[in-house]
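Colleague: Chain residues, written in single-letter form:
There are 6 protein chains.
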Amino acid sequence: MKLRIVVPLGHSRFNQIALEECQRIASSGTEISLVNLEEGPDSIESEYEEALAVPGFLKRAREAEAQGCDAVISDCFGDPGVRPAREALAIPVIGPAETSMLLASALAQRFSVITVLPSVVPMIEELAHHAGVLGKLASSRAVNIPVLCLEDKDNLKAALYEEGLLAIRNDGAHAVILGCTGMMGVARELQEKFAACGLAIPVIDPIAAAIRMAETLVSLGLTQSRLTYRTPKGIGSAVTQAARA
Amino acid sequence: MKLRIVVPLGHSRFNQIALEECQRIASSGTEISLVNLEEGPDSIESEYEEALAVPGFLKRAREAEAQGCDAVISDCFGDPGVRPAREALAIPVIGPAETSMLLASALAQRFSVITVLPSVVPMIEELAHHAGVLGKLASSRAVNIPVLCLEDKDNLKAALYEEGLLAIRNDGAHAVILGCTGMMGVARELQEKFAACGLAIPVIDPIAAAIRMAETLVSLGLTQSRLTYRTPKGIGSAVTQAARA
Amino acid sequence: MKLRIVVPLGHSRFNQIALEECQRIASSGTEISLVNLEEGPDSIESEYEEALAVPGFLKRAREAEAQGCDAVISDCFGDPGVRPAREALAIPVIGPAETSMLLASALAQRFSVITVLPSVVPMIEELAHHAGVLGKLASSRAVNIPVLCLEDKDNLKAALYEEGLLAIRNDGAHAVILGCTGMMGVARELQEKFAACGLAIPVIDPIAAAIRMAETLVSLGLTQSRLTYRTPKGIGSAVTQAARA
Amino acid sequence: MKLRIVVPLGHSRFNQIALEECQRIASSGTEISLVNLEEGPDSIESEYEEALAVPGFLKRAREAEAQGCDAVISDCFGDPGVRPAREALAIPVIGPAETSMLLASALAQRFSVITVLPSVVPMIEELAHHAGVLGKLASSRAVNIPVLCLEDKDNLKAALYEEGLLAIRNDGAHAVILGCTGMMGVARELQEKFAACGLAIPVIDPIAAAIRMAETLVSLGLTQSRLTYRTPKGIGSAVTQAARA
Amino acid sequence: MKLRIVVPLGHSRFNQIALEECQRIASSGTEISLVNLEEGPDSIESEYEEALAVPGFLKRAREAEAQGCDAVISDCFGDPGVRPAREALAIPVIGPAETSMLLASALAQRFSVITVLPSVVPMIEELAHHAGVLGKLASSRAVNIPVLCLEDKDNLKAALYEEGLLAIRNDGAHAVILGCTGMMGVARELQEKFAACGLAIPVIDPIAAAIRMAETLVSLGLTQSRLTYRTPKGIGSAVTQAARA
Amino acid sequence: MKLRIVVPLGHSRFNQIALEECQRIASSGTEISLVNLEEGPDSIESEYEEALAVPGFLKRAREAEAQGCDAVISDCFGDPGVRPAREALAIPVIGPAETSMLLASALAQRFSVITVLPSVVPMIEELAHHAGVLGKLASSRAVNIPVLCLEDKDNLKAALYEEGLLAIRNDGAHAVILGCTGMMGVARELQEKFAACGLAIPVIDPIAAAIRMAETLVSLGLTQSRLTYRTPKGIGSAVTQAARA
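Residue numbers (my numbering), protein chains in the order written: chain U, 1203 to 1447; chain L, 1203 to 1447; chain H, 1203 to 1447; chain S, 1203 to 1447; chain C, 1203 to 1447; chain Z, 1203 to 1447.
Just chain U, same shape as in the assembly:
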């Protein structure tokens, strides 16, 4: 199975670390490849930046299908381009936000998302509505660290722990989702830290959830409904061709 991760940014700074993390998560039979955009924003912390990233993402998504990939993942918690790409592609297109929210819904009465900046909070509510589980979203909180400063892992972990405690105690969260795919490799440790103080809750890494969802869909022969995601005019033939393959 070949999964293509598309980082919807105009630079390759995160490619190596993201690729290694994704390979670590994937099942043994899964082959991961990862690309960034030719042109795009440095990071996505607003609907404005997201909008600028989407056309480049769609190009990469169509390339992935043409190159024989089995599924495409948008490597950003805003799920940029996922819905339009589902229209244009026959293979599954997966969003980390949608997937991790659905996973959290299976594990807990209510969940909170802890994201980077307050500017992202309204987008998260829209994503929860898209996924159909807005009623399970206890709160969205921000650590107030821009995406480009997430590399200081100790600072990030401390801030996630602090906001996570507030989400649990004040907002009634029973699970926590890390609200940025740049928050890689910290979920397990955070989960253990909560458990150590009597709060045995799941902490969900969105890109890990997305990779597993991609594997599940491909192995079960499932893809997005064509009644929800109708093929746009002009690229119907490509879709049909891919479907035939």
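Note that these hints are calculated values from the structure, not bench results. Some clues are possibly wrong.
Copies of the same chain look alike in the list, so a pair counts if it fits in one copy or across any two.
Said to hold, decoys possible - BS3-like cross-link-like pairs, simulated, lysine-lysine; straight-line CA separation at most 30 Å:
| no. | residue 1 | residue 2 |
| --- | --- | --- |
| 1 | LYS1204 | LYS1261 |
| 2 | LYS1435 | LYS1261 |
| 3 | LYS1355 | LYS1435 |
| 4 | LYS1359 | LYS1435 |
| 5 | LYS1395 | LYS1435 |
| 6 | LYS1204 | LYS1435 |
| 7 | LYS1204 | LYS1395 |
| 8 | LYS1395 | LYS1355 |
| 9 | LYS1395 | LYS1359 |
Fit chains L, H, S, C and Z to the given chain U structure using the hints.
Modeller: Structure of chains L, H, S, C and Z alone, referenced to chain U:
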């Protein structure tokens, strides 16, 4: 008051007729200008085409603010680019779908949207959720006429009447919204036709609703909330500058 | 265009100041007239007082239509009499609460209403449900100043600012609606005060919103749906007559 | 226990038959009295007529409390005056619509209301929202018989059966509420008729439900919450006095 | 009328006190009998314990019907076995949680449940959803006293008062439901204590509400809908037989 | 990874076929074992039968954990015992209904469930509410074939196709879930049949979805939240022990 209408398409075919219609609707003191995109889709009937239109729309929206316009309207029922543009601009950015759904909510228990093609239906539900009035959406129906074929007005009017009757009788609609800004100049006649057979319901033209909403916001000194629509990094100064002007 | 404002109270104490404020807000071509009830409560701060005001309001509303007015506004945030008057009249009947809530929904993710007394709070939730936007109501708060004491503007402004800050910080409001039509002439100043401390949110004056909505409906040839608001028996002819005019 | 039924109409035509029916339903220890209004509509089939009935109802409700009644019932499915009377009275005020909808919610997944005329349908949705069970309302249907023509019981029963079958088969109703307090004495027979054809569903008579609810509240020492229904200014002393008694 | 109370526990420790309390509440014509299970948990404070109690409850419920009882009540706030028993029985089966939530919905804008332990809180949300009034549930709070320690009434009353105040002040509750049928005989006193400090709200005893609901259903000839609660295979004849009686 | 499938029935008739199907679905590194109950119903088509199955399921679930399994699946679409078992176990407990509804939510705007008999329909709505996606449930339909007659695959496939078409055309379903784990091995063929007539929608096999979800949770180190599913008294030590292992 200066309103800028941005047609989010890559051609100027509809410019003249749309401009005339908008000028007919606007109040006497309102100056309307209208532009299309440098580059963009021929029409928008999918999220895919919408995504391709948004970057060009954002450029036009920022130009409008820089040129001293008081408000910007996205001339497509999908409200393409409205939310990201609200982040980037200080002046109001108005979407015809959102506005007409809110207007319908003031006039009727439930409303239906009659749009061009079934591919647009899921987008309409998302727009109703965005506007906060999903509970008032009785149904979304399609006349099955592509945007580029809307010029045959007789065909359009007959199809709108037929689907409107189904919306009223089967779906419980008490108001009808025309779900494409290309359906110009037919709302009043359709409203009269329904009234003539005992169904005195409002029929709402989305671009007319949007122009009146723009005038209302400008005259009352209101614009989008900066807490919902935070300024994206890098363009803050432009926003501040515009706000100061 | 002739708009009739009906103050649903049994005295004329607020007439002059309300008329001047409404004339200040209206467009140049709009002619405003204002009346109070022959008999009615001193102020409306409960459903009980509202109920006593409605029959008198309905009489005034029917008079307005008979005298050739184009629309009627109920000048109280409880929207007293608006729904029954819509049944009896062919011209639009507008409620300040409904209108300002719909306007707020277009500008912000969530809004709060700041009203006079806690006794009004359950009525506001019902009004938000009527308008279809209960899901956007972050909170209802009260300044604890009776309607008849709103004349001390400094006291009012200070209390609105304080409750507004709580609405923003504790309840997640991204916009504020002034929840009493007696809170005239303070919205703009309050909006500037919030903006000055970094909270650039819309502050909505309900009577201003209602006047603009009335102008919009009249100019677009729209009125309440007869399928939602059926003509009561006995006054059908009046309605038909007005509709014909 | 003394229950006062207030018929919110300006004539006494239904008094005798309603009193007998209510006495038949009440428990042995319950003393029923019944009054109509001094002045009011002939029947209530619109929000307009309802509004005209409410001031007279409030007068009768306050009289009932002053005369030592233990609870007041508004004898109309629109629950006219119930909410404002709850503010003004210390004793319980009961609405047949609210009560029968809550009873239906205990017995079935979803219920339908079958009322007199289509003009009443939007009011029923508001009542279901007030009661908190709008999500359980499968549909509202009308037999198209005005209140003043309900005396032809055979015609009424046939129409209720026909609409009831449609509610069950098309709308998914698992229980039926008779949506007019004038539909007295037919619930049991209708329930048996449905059961005879394999549809063993509850059919709820709203005035019967209201009388039993009144008895329940009085016997358990419960009344409306003063935090939801605050005492209006000026009649506080009466309320306190009644509460003291 | 013969009501059977089934205590879904494997011991008879609470039988005498519960029987006396239920007899005190019931109407004069009602004959109360009470049984516990042959085998079952000591108390129910989790879905696990509830699941273990249900088969024994179903046996007792069927016995009650066979012995000619007119209705069965499950004497635990989790309403254990109520829904499956409704399938198997023709006589009404009543749950204290469902009933008290519906009663609270008639009296207040929003209510809170104060239960024994935090482990019960997610079950309460599910019960509110079942009843159809989840939107009226302001909060669920726990006094942190296990069921088997409820006998210290002074401790219980103090804790209920404290959590009740928090429910009113922080969560917006306008009514309080005691969330355990073991909290007998304290509702009235708690209601008076709140009223004494200006918070005149209803405090609902769930078993009292259930007994009155049982009497109401039996006297009105109502029972659960067979379309919601279909007869399980194998026991159809028993149900039919009971229905015939 | 060791997964234990528990068939919640009192006979082993389906064991061999179910085991083979589950082994076919599972990943290469997954070891599947399957048991039925010592005592239980023949099939589950009501809440009554479900209630009788749960105590036996809980015993089997605890055995599985004690025997070192990594996750437990309840092999019935009613998800019997899943919630109480989550309280008692530290390893993940998975329900096919919950999992397939969440998967469908990722793939389509709305989904329908096609189950065996109408008696199961109300249970499916409750399951969708539990999962948090009731708003995405377009409808629940039944093929009217009892569980014990599902072996005639041709009859089953024809009935599923017919009801599936109705779900798509009348109810607006964009995906279909097979609502019984006994409907094994037909999803792929049904999906192809729909696609062949232009309805390219996902058809989800619930047991396949559950197995993949179990693998995902185990591989990501996730399990149910202890804040939603608190450990019942008396079995805490077992849970702690398992957690330590």
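Colleague: Taking the numbered hints from earlier one at a time, note which ones the structure violates and give those numbers from smallest to largest.
Modeller: none
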